[in-house]
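Colleague: Spelled out from the first residue to the last, the chains are:
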Amino acid sequence: MAKTFAYEPPLPVGSVGPRASGAWAIIFIGMSEASLFAYLFFSYYYFAIQPHSGPWPPGGPPSFLYAAPQTAAMLLGSVAAWWAQTGVARAARGALLLGLAATLVMSLAFLALQFADWFDKPFSIATDSYASLYFIITGVHLAHVVVGVVIVAAVLVWSALGYFGPVRHAPVTVAAIYWYFVTGIWLALFFTLYVTPYLT
Amino acid sequence: VSVAEHQRVAEVAPSNLPSLHKKLHEMWESEPGLLGWLSTVDHKEIGIMYLVTAFAFLTAGGIEALIMRLQLAGPNQHLLTPEQYNELFTMHGNTMIFWYAFPILSGFSNYFWPLLLGSRDMAFPRLNAFSYWVFLCSGIFFYCSLAIGMAPNDGWFNYPPYASQPFNPGPNIDFYLLGQIFFGISTTAGAVNFVVTTLRTRCPGMSINRFPIVIWGTLSANAAALFAVPCVSVACFLLWTDRQWGTHFFGGTTDNGQPLLWQHLFWMFAHPWVYMIVLPAMGIVSDGIPVFCRRPLVGYTAVALSTVATMMIGFGVWVHHMFATGLPVLGLSFFAASSILISLPSGVQVFSWLATIWTGRPVFTTAFMFFAGFIFLFVIGGLSGFMTGSVPVDWQLTDTYWVVAHIHYVLIGINLFPVIGALYMWLPKMSGRLLDERLGRWNFWVMFVGFNIGFFPMHIAGLLGMPRRIYTYPADVGWNTVNLITTIGSFILAVGLLLFIINVVQSLVLKRGKIAGPNPWDAGTLEWATSSPPPPYNFAVIPAVASRHPLWEKRLQEGDGETVLDRGLVLDDHHETLGVTALDGEPDVILKMPSESYMPVLEALCLSALFAGLVAHLWWLALAAIIAGTVVALAWLWPRAEVGQIEAAHG
Numbered sequence: 795m796a797k798t799f800a801y802e803p804p805l806p807v808g809s810v811g812p813r814a815s816g817a818w819a820i821i822f823i824g825m826s827e828a829s830l831f832a833y834l835f836f837s838y839y840y841f842a843i844q845p846h847s848g849p850w851p852p853g854g855p856p857s858f859l860y861a862a863p864q865t866a867a868m869l870l871g872s873v874a875a876w877w878a879q880t881g882v883a884r885a886a887r888g889a890l891l892l893g894l895a896a897t898l899v900m901s902l903a904f905l906a907l908q909f910a911d912w913f914d915k916p917f918s919i920a921t922d923s924y925a926s927l928y929f930i931i932t933g934v935h936l937a938h939v940v941v942g943v944v945i946v947a948a949v950l951v952w953s954a955l956g957y958f959g960p961v962r963h964a965p966v967t968v969a970a971i972y973w974y975f976v977t978g979i980w981l982a983l984f985f986t987l988y989v990t991p992y993l994t
Numbered sequence: 024v025s026v027a028e029h030q031r032v033a034e035v036a037p038s039n040l041p042s043l044h045k046k047l048h049e050m051w052e053s054e055p056g057l058l059g060w061l062s063t064v065d066h067k068e069i070g071i072m073y074l075v076t077a078f079a080f081l082t083a084g085g086i087e088a089l090i091m092r093l094q095l096a097g098p099n100q101h102l103l104t105p106e107q108y109n110e111l112f113t114m115h116g117n118t119m120i121f122w123y124a125f126p127i128l129s130g131f132s133n134y135f136w137p138l139l140l141g142s143r144d145m146a147f148p149r150l151n152a153f154s155y156w157v158f159l160c161s162g163i164f165f166y167c168s169l170a171i172g173m174a175p176n177d178g179w180f181n182y183p184p185y186a187s188q189p190f191n192p193g194p195n196i197d198f199y200l201l202g203q204i205f206f207g208i209s210t211t212a213g214a215v216n217f218v219v220t221t222l223r224t225r226c227p228g229m230s231i232n233r234f235p236i237v238i239w240g241t242l243s244a245n246a247a248a249l250f251a252v253p254c255v256s257v258a259c260f261l262l263w264t265d266r267q268w269g270t271h272f273f274g275g276t277t278d279n280g281q282p283l284l285w286q287h288l289f290w291m292f293a294h295p296w297v298y299m300i301v302l303p304a305m306g307i308v309s310d311g312i313p314v315f316c317r318r319p320l321v322g323y324t325a326v327a328l329s330t331v332a333t334m335m336i337g338f339g340v341w342v343h344h345m346f347a348t349g350l351p352v353l354g355l356s357f358f359a360a361s362s363i364l365i366s367l368p369s370g371v372q373v374f375s376w377l378a379t380i381w382t383g384r385p386v387f388t389t390a391f392m393f394f395a396g397f398i399f400l401f402v403i404g405g406l407s408g409f410m411t412g413s414v415p416v417d418w419q420l421t422d423t424y425w426v427v428a429h430i431h432y433v434l435i436g437i438n439l440f441p442v443i444g445a446l447y448m449w450l451p452k453m454s455g456r457l458l459d460e461r462l463g464r465w466n467f468w469v470m471f472v473g474f475n476i477g478f479f480p481m482h483i484a485g486l487l488g489m490p491r492r493i494y495t496y497p498a499d500v501g502w503n504t505v506n507l508i509t510t511i512g513s514f515i516l517a518v519g520l521l522l523f524i525i526n527v528v529q530s531l532v533l534k535r536g537k538i539a540g541p542n543p544w545d546a547g548t549l550e551w552a553t554s555s556p557p558p559p560y561n562f563a564v565i566p567a568v569a570s571r572h573p574l575w576e577k578r579l580q581e582g583d584g585e586t587v588l589d590r591g592l593v594l595d596d597h598h599e600t601l602g603v604t605a606l607d608g609e610p611d612v613i614l615k616m617p618s619e620s621y622m623p624v625l626e627a628l629c630l631s632a633l634f635a636g637l638v639a640h641l642w643w644l645a646l647a648a649i650i651a652g653t654v655v656a657l658a659w660l661w662p663r664a665e666v667g668q669i670e671a672a673h674g
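Keeping their order, the protein sequence lines are chains A and B.
Mapping of the first sequence onto our numbering: position 85 corresponds to residue 879, and the numbering continues sequentially without gaps.
Mapping of the second sequence onto our numbering: position 150 corresponds to residue 173, and the numbering continues sequentially without gaps.
With the rest of the complex left out, here is chain A (with noise of 0.2 angstroms):
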């Protein structure tokens, strides 16, 4: 067919480095969960706040024994994912797919700790509404890790078979990102349940 002329310069095609839309639906999924977590904060401390006949939370503050342990898995596994979104753009595959492996490691190490830490509570989810809060809070927390379990495990096959290299990697974008949140979202809980009953 007859073409007249062409658009100059030349431009990318389909999911290219960070231009791919998925990068940027991801962003916005993420923002939308961050405010579903602001507002289970915004219970938590209107809770907080109102006056009580004992102690806030009733059992004191609650120990750092695994908490301070999560917070380290979260951040070592944000780390790794960093290595292997960096390392599959610079074509080094063994930094991709070990980075990878490293988060899928953290995230069970995390899951471990937060089901010890559950079951290591003297209260259960209905003895009161601190103990709901906590239960509720960490739980919503830990059903978006399990996702990310899933997540970077489904990038971590489609790594080891070769699919991604320096230019089409949007998958392992997409994980990365998530990754962080997940992180974000964890640091956050970890001072609105851990920290801020120590500072009153």
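A few of these clues could be false.
Chain A side only, calculated, beta carbon under 8 angstroms to chain B, not exhaustive [unchecked claim]:
no.	residue
1	Phe822
2	Phe841
3	Ile919
4	Ala948
Note that these hints are calculated values from the structure, not bench results.
Cβ coordinates follow ideal geometry from the N, Cα and C atoms, glycine included.
Given the structure of chain A, go ahead and fit chain B onto it with the hints provided.
Modeller: Quick look at chain B alone, frame taken from chain A:
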């Protein structure tokens, strides 16, 4: 051209090559029949599905309202039991506010965004189909409650403690809570799509200061949805755990909970929601009035900024729904001030519409009459809202029919009237045929008169002290006449809507309407540059625009350059469209778009099974649905060469 290429020089061709049209048509056309309908990702087909489904919910909600008006036509009637009345007003409110008012606007936006922005599709076509199927499935889920006689019965705002398990042990409230979360998934998926579409898939030259106002309205509403919807999802989830697992968030029979927290969480969501279901409709009017006044909108920049400002202030006014709950005076004063502040951006828009009509040459089409009628109703609804923004006035009028009058002036006036006007304006583009203008006049005047007869007296009923949400009233308190007038008016309004349906059937279904042609109103925006109905690929070549009114450019002599429609980027290697830079609309990337897929509808069915399992306490079903949903999601997202997601070696 290889699918594995990383970049290419995009070729430019004239738009009138028959071979190009034929090639694109074969490439973009959806499969015919039922299977094609289940797998389509064409934004125009999805837009029509949204519009038809939302209109069906409007009809259902309208019938519920008419039954309630029969019950209230006179004192001491027993057409309905109190419980039936509770269920009906709950279904009516939720149907109209959630399953009609927002999705109908999403329908217009889905159909028209790529056309208005000069693109071939939305940024995420399959996500678009997913948000429709979840909208449909969540509505069916919600109406299952009515079918088994256990509909939610605590109103659209579902206040505890009546919604708590000890007082409301049946599954009624569970349908509300899970239905809201289910519907919120659809809204959020759609919102991500609209926001990224605005940022990415436009034609060259479509910079943000050239957006039609409806883009500003829908963008504001959907950006707000991202932040507001999680609030009601959290509230509903917490109340659901209260009811299922005995958590202590909102309290029941014990004092271990805060019923007022529900009100905060609900209204922190629901007040922004009210703006979300009117701003896109106000945007339609801001774009429609100039078409029929034969001139550009007066004060484009002020209207665009007011739209965004209304949405932002809308997040800071929620406590005006809670003035009577005993909150501190300082808090009430702040929220009264912010509520009254909203009238400033609203006023800017009203004066801009009036100035456009005043300085234009109005053509009194049916669409224009609906838009002009909207301005009148908007002012009345705005004034009654402004009045209740004052704390002492609110204390007098809260929980009376005054508030019922206000919400209906706002929602019918600012949503339904623009929607019907928009259908008169845009159905010719979607169907290729004009609606009948003579029947249209009858349609407008019957609706307008019926609406005012029906809802204006509610202000008086409120001033006379009639509380809302009562299933009947005694004969000797002076409310008989106003209620009878209201009932008569509501039936006239229903007849008006029926005339609209008759007009659509006559003109479009029986094909008696005149052929519309590409641009029956001689309008100036990009959707009128395509044929009516538009081809599956929208534009044979991607247009390049140089002003806000590409088709009026020569007459108005606006813009720096010249809009080019008759030649442009071809992009004919499978489904392709152009990605642009976010602000300036410069070409940035050639996007590979997915084609038909069953994954969206399958994922929506998995979610339906999940929510059915949760409401029926079939935990094995919920678990199976989660596993199936994960498998479908992985299949959906599996990287593919044809959309340029994996490296060349695998292409």
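Colleague: Against each hint, give a clear statement of whether it holds in the structure.
Modeller: How the hints compare with the structure:
Because the beta carbon of Phe822/A sits about 5 angstroms from the nearest beta carbon in chain B, less than 8 angstroms, this interface hint is met. For Phe841/A, the interface hint holds, the least distance from its beta-carbon to any beta-carbon of chain B being 7 angstroms, beneath 8 angstroms. The criterion of a C-beta within 8 angstroms of any C-beta in chain B is met by Ile919/A, whose closest approach is roughly 6 angstroms, and the hint holds. Here the hint on Ala948/A is kept, as its CB sits about 6 angstroms from the closest CB of chain B, short of 8 angstroms.
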